[in-house]
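The listed protein sequences correspond, in order, to chains A and B.
When we follow our numbering, the leftmost residue of the first sequence carries the number 1, and every step to the right adds one.
When we follow our numbering, the leftmost residue of the second sequence carries the number 1, and every step to the right adds one.
These are computed hints drawn from the structure, not numbers from a lab.
Keep in mind that this is a model prediction, so the values were computed, not measured.
Backbone N, C-alpha and C define an ideal beta-carbon position, used for all residues, glycine too.
It cannot be assumed that every hint is accurate.
[Unchecked claim] What the simulated footprint calls covered on chain A by chain B, stretch by stretch (three residues with Cβ under 8 Å from a Cβ of chain B suffice, anywhere in the stretch; the number is not a length):
id, segment
1, 8 to 21
2, 25 to 34
3, 61 to 74
4, 87 to 98
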Amino acid sequence: MSTLLVAEGVLALIGAFIGLSIGYISLTGYREIGSPALLRLAAAFILLFLGFTFEALAIFGYVGVLPILALATASFIIASSFLETLGFFFLAFSYILNVRATQRALAVPLILPLSLTVVQISAALKSISFYLLIYASVETAIAYMKTRRAETLVLSLGLIFLALSELLRWISYVELSWPFWYSTSLILKLIGISTLVAPIVKFASLKGGVLRNGV
Amino acid sequence: MVYRNSLRIVVDILTIARDSDSEKGVGITTLLRKGNISYSRLSRLLKDLVKCGLIEEINAERGTRYRISDQGRQFLIAYSRFEEFAQSFGLRL
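Here chain B stands alone, though its shape is the one from the complex (with noise of 0.2 Å):
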């Protein structure tokens, strides 16, 4: 099993936000089954992602809904490309 630390908890987060419908956003429960994480730790990270301006809340009908922002967006891009470097030192982000 690979270990996941804090920055690729929130890059698999964010990564689902952008592969849902763009639109909509994201449920929680989806963020939960698909990023494999306790309630409680996604609750607080999508608070930060919040205040950070990676990810956007929207209020719906059915409750809070979660779509990634540009500078989210820019985020993932970055850390592909820099993960990418840091691979060719063998090491992981």
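Just chain A, with the same shape it has in the complex (with noise of 0.2 Å):
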């Protein structure tokens, strides 16, 4: 149990430093170019960095590496999820504006009863997630039918993982046999969280070729 719980703590922070790195690509691509595209990527990763600290937080507070963090581990969870599942809207909201379609985007239960506990909370907000990270990973499959390129399925694939990981995490708070939901959750987000560095990957290297080339 611990143990899982501290690969998943090891995971968000892996999560964390890969959101930061992309938002602070995309921040620098509007800084330089302006472009609103790039704006929305940046507040998605800022916000997934965000929540993904705040969920290593939450789990190493609970399991007493950060004893210190013990006391705030709700307020951690229902932070990390919020936050979370607000980046993932901001990354399936740039695919809305991009095909200019609002009319294919999903419809989301957003109101939440307030008596709620923590796991509901949580579960909800998970849930959430899932239909959003589907959307996202439709849409850039969608995008890779129009553009072949690899980095872009790669990363389609990892935001299927993603989604499929939030749900088998949605799935592990009810099944009786949750260790292997949430093992099996954890394994698919370490393979969606691999495929964003492609994008960053790409980039740097990218960035070599144009400096080397000079365009």
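Each of the two chains sits in its own frame; use the hints to bring them together as a complex.
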């Protein structure tokens, strides 16, 4: 149990680092060329960075790695779920504006009763994240059909893995055989987060190429 | 038909200016024809681009001509880099 939790905490920290990197590149792009698409991407990944950071803090507080945070675990869990869902919303929103077809946006239940427990709120937010991630992965797959870029396909598959991870995490809240669902969810999350490195690697390689060629 | 946003139009105008004669610059008629943009919009755009330092105005005998500045070239390099980055996500700038 605690090993799985620590693994999830480490995974959240890796996700936070990747989110920060993509957020930083997007924000730099927005500053340099003023593209609103990059601003939305920056907002999405900075929110995901904050969400993953809070998730890691919640887990490390809960398992006793950071005992000082133990009392605030519930607040951190809700904050992380909320920030991650908001990040995925901005990501999905970028695609909605990109295709200029708001009618294709998925209807998600955003009103939550106030009497819900931490686990219920977290599960509800995770189910919303699932819808948003599925939408983003479908749009990325459509973009791949047009551009045939390998990194776009990798990212689309990565978003599907992240969506499935959220779904299995949600199932693990209610299923009796939760360790199986939980560990599978972690593996899928690891694969999904790893694919997010593709655009960073592409950008870094391109930077070198542009400087060499001088365009 | 692909929808062009304001940023894409700026990039198109800068690209036309870059690909034209770098010494003499390019006339407004060429920009209008190749840029596929109305005269009033192009006039406003050129004024803004000159103000931002992305394009230089040259007063020639046969009217005003426009030449891309070093800052404009840097802008195009940055645009192509970030366009690739956004396309990795399946997004258009």
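Outcome of the hint check:
no.	hint	in the structure
1	8 to 21	violated (count 0)
2	25 to 34	holds (count 6)
3	61 to 74	violated (count 0)
4	87 to 98	holds (count 3)
Against the hints set out earlier in the document, violations occur for numbers 1 and 3.
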